[in-house]
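> So the chains spell out like this:
Number of protein chains: 2
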Amino acid sequence: MTGLSSLQTPTLVLDRLTMQRNIDMMAARARELGVPLRPHGKTPKNAEVAGQLMAAGAIGVTVSTLREAEGYFAAGVHDIFYAVALAPDKVARIGALIAAGANVTGLVDHPDAVRAIGANAVQCGTVIPVAVELDIDGYRSGLPDRDGALESLAGLIQSTAGVGFAGIMSYGGASYGCTVEQARALAETHRQALVSAHGRIEALGIPCPMVSFGSSPATLHAARMDGVTELRCGIYVFQDLFQAAIGACRIEDIAVSVLCTVIGIRPDLNRVVVDAGGLAMSKDLSTARTSSDAGYGLVCAIDGTLLPDVYMATTSQELGLLATRSGAPLPFAQMGIGTKLRILPNHADMTAAAYEQYHVVAGTTDVTAIWRRFNGW
Amino acid sequence: MTGLSSLQTPTLVLDRLTMQRNIDMMAARARELGVPLRPHGKTPKNAEVAGQLMAAGAIGVTVSTLREAEGYFAAGVHDIFYAVALAPDKVARIGALIAAGANVTGLVDHPDAVRAIGANAVQCGTVIPVAVELDIDGYRSGLPDRDGALESLAGLIQSTAGVGFAGIMSYGGASYGCTVEQARALAETHRQALVSAHGRIEALGIPCPMVSFGSSPATLHAARMDGVTELRCGIYVFQDLFQAAIGACRIEDIAVSVLCTVIGIRPDLNRVVVDAGGLAMSKDLSTARTSSDAGYGLVCAIDGTLLPDVYMATTSQELGLLATRSGAPLPFAQMGIGTKLRILPNHADMTAAAYEQYHVVAGTTDVTAIWRRFNGW
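Which chain is which? The protein sequence lines are A and B, in order.
Everything in the first sequence is counted per the numbering used here, starting at 21 for the first residue and increasing by one.
Everything in the second sequence is counted per the numbering used here, starting at 21 for the first residue and increasing by one.
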């Protein structure tokens, strides 16, 4: 059996025991809320992880790219929600999935999109079910639910050939910048807005089967989710330092790390250089906005044991420079040239995107499997 | 012929006419300095670009990963400098390249690395030529040239089986945070340090054929480079908004851009949403440190014409939110749903890393070729 110590670095390590704990935790949370999960596949982008999610009761997956949709469908997941506003010229690829037997739902938030998607779908000989994204808090995208705009868009979808009205959704992404209390309040604001919108649409005689809410931290902290039909959470599967910094997990819940090798030691500068830099970790510095700034990541021994106080302070394209947050001397005895270390990422999605595959372990340094990712678009 | 307007987005566009101007510019600059170029292949990671660089007089390539080394060698480039401190367990892959006929030089900055690399090379039945990285300014990595450390390391390399002494190098990366005047001064500091080190090593009777200096801005602004045997510049091939912000190029010299599609329009928020987000652009925010903060990138029409004042203000994983820097209304008439736009990147290396290939154009929106990248490690 291959061990982590024999791998070329940098490479991506996934501990499937830690991941399974996270999957079980959120599945239990969803049961507690009484709402099924449609986990966001943009985090793992992987067939085997999807299998674990479905086994834990997921009703399907959410995706952020069509390559994910195609990958998950090939892996046997049939119910797919592409939760990014649909560019009209992507209709043909969704039509091909539907023709092959997938249930794919698209997303819209503007009448021009509905008309263009419908026209393209008719040309492709398909009908695309579309949900409407509601902009509840001005965070990102979606239709503001005012002045009858939602009712009007739902009516347009009903009357446009090539599309069908699937329901409504919102994204509580602002919960990423929240305290636990604020995230709970945000979740309730979204829930009420979705329930209100659902009632007004059905009052028009338009069936609205999907009422979808997303974001891991808001779901974790929500007091209730009744009226919502599915929860789109993604990052909880792997967790990361940003989720830990905002109280959504513990550091020991982080399931992915970047295996790297010490290639430079400079006791005079209290610096260690590793072969994982900006490309290997991503340039995500999200924890800098929190009280737990981890630089580009926290540092563990090859067996996953955290080296307290050690972090990746700076990067260039292929180099990471390790230091201590306190300024105390680095544990140079554990960091000789050639030593392998594991770096926990700020943002698992961004870091994992640089890798074609996961080297899977299960609590030890033995590699038990290699799982491929669906990267790109 | 395919046009950009028919491509699925996000995708990466390379204008080879702009690139050729950049290649010719730096080739002329190198001739002016009287020192040949060994361009850094970590920017393009592509065989066809390497062909253009060699045709313009390059003596070989610099690489930052072994996958680049393997890719460039397969593309016919024989002289390769792997300019990242060599992890001892990467020796076998270099040995395989050498056995196949490549001239690959590795990099070291510590005696422990020399001993481990030598031992592994002997086991593999190969001899790895290694250069020593000098740390001139504490910027990143390398050996401080004091107390005889360089002479001692050169002697160790000479006397260690499995390695051979190839020369010395330094990296003027601090020039990325400099004014033009400071970059010129930095280049001269590095040059003098390298020339001094070269003289002391040769005085010991150790031949030192390679005296290698790198960084595009420092090379552009250097007053002289005599005594240096090769220049390692990379980013100039594509240029980017950060290089423009520090005065190393003009915005119209930027050869790569991300083609994306408008998927949301919100005149009430003065916002346009495109399907290129943090993964498509990278999270590199390097221009924020300059007086020309471009957010996540500047926005052009599909034909490459800059839309003045429009930039990508924020991103999520797959969404980019466009705004104006002045707060003036966005040109919504040019940004309807489905419109294709091109985003110029802050850092071309980081942005290009998300893509498997370039869609190549030559001043128009016609795609004339698809060129593959050597991603990963």
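I should point out that these hints are in silico values taken from the structure, not numbers from a laboratory.
Bear in mind the structure is a predicted one, so any value in this text is a computation, not a measurement.
Warning: the hint list may mix true and false statements.
Which residues of chain B face chain A? A partial, calculated answer using Cβ under 8 Å [claimed, not checked]:
| hint | residue |
| --- | --- |
| 1 | R49 |
| 2 | S84 |
| 3 | A136 |
| 4 | G193 |
| 5 | G197 |
| 6 | T199 |
| 7 | M230 |
| 8 | K303 |
| 9 | W397 |
Just a sample of chain A residues kept apart from chain B, beta carbon distances all over 12 Å, derived [unchecked claim]:
| hint | residue |
| --- | --- |
| 10 | T180 |
| 11 | A205 |
| 12 | G254 |
| 13 | E338 |
According to the in silico footprint, chain B covers these stretches of chain A (three or more CB under 8 Å from chain B) [claimed, not checked]:
| hint | stretch |
| --- | --- |
| 14 | 22–33 |
| 15 | 64–78 |
| 16 | 103–115 |
| 17 | 259–272 |
| 18 | 290–302 |
| 19 | 354–363 |
All residues carry an ideal CB built from backbone N, CA and C; glycine is no exception.
> Determine for every hint whether it applies to the structure shown.
Outcome of the hint check:
1. Annotation: interface hint on R49 of chain B violated; nearest CB of chain A at approximately 22 Å, more than 8 Å.
2. This hint holds: S84 of chain B has a C-beta 4 Å from the nearest C-beta of chain A, less than the 8 Å allowed.
3. The interface hint given for A136 of chain B holds, since its Cβ lies 6 Å from the closest Cβ of chain A, which is under the 8 Å cut-off.
4. About 7 Å separates the beta-carbon of G193 of chain B from the nearest beta-carbon of chain A, less than 8 Å, and the hint is met.
5. The closest approach between the C-beta of G197 of chain B and any C-beta of chain A is roughly 12 Å, which is over the 8 Å cut-off, so the hint fails.
6. Interface restraint check for T199 of chain B: the shortest CB-CB distance to chain A comes to about 21 Å, outside 8 Å, so the restraint is violated.
7. Interface hint at M230 of chain B: violated, since its Cβ lies 20 Å from the closest Cβ of chain A, which is beyond the 8 Å cut-off.
8. Interface restraint check for K303 of chain B: the shortest CB-CB distance to chain A comes to about 4 Å, inside 8 Å, so the restraint holds.
9. With its C-beta approaching chain A no nearer than about 6 Å, W397 of chain B sits inside the 8 Å limit, and its interface hint holds.
10. Interface exclusion of T180 of chain A from chain B stands, the closest Cβ pair being 14 Å apart, more than 12 Å.
11. The Cβ of A205 of chain A sits about 21 Å from the closest Cβ of chain B, beyond the 12 Å cut-off, so the non-interface label holds.
12. Non-interface status of G254 of chain A relative to chain B is broken: a Cβ of that chain comes within 12 Å, the nearest being about 9 Å off.
13. Distance check for E338 of chain A against chain B: the nearest CB is about 4 Å away, which does not clear 12 Å, and the non-interface claim fails.
14. Check result for the stretch 22–33 of chain A against chain B: holds, 5 residues qualifying (beta carbon to beta carbon below 8 Å, three or more required).
15. Only residues whose C-beta sits within less than 8 Å of a C-beta in chain B count toward coverage, and the stretch 64–78 of chain A has 0 of them, not enough to reach three; the restraint is violated.
16. With 8 residues having a beta carbon nearer than 8 Å to a beta carbon of chain B, the stretch 103–115 of chain A meets the requirement of three or more and the stated coverage holds.
17. Remark: the stretch 259–272 of chain A is not confirmed as covered by chain B, as 0 of its residues place a Cβ nearer than 8 Å to a Cβ of that chain, below the required three.
18. Residues of the stretch 290–302 of chain A lying with their CB closer than 8 Å to a CB of chain B number 6, which satisfies the three-residue condition for coverage.
19. A count of 3 residues in the stretch 354–363 of chain A with a Cβ less than 8 Å from any Cβ of chain B is obtained; the coverage claim is therefore met, three being the minimum.
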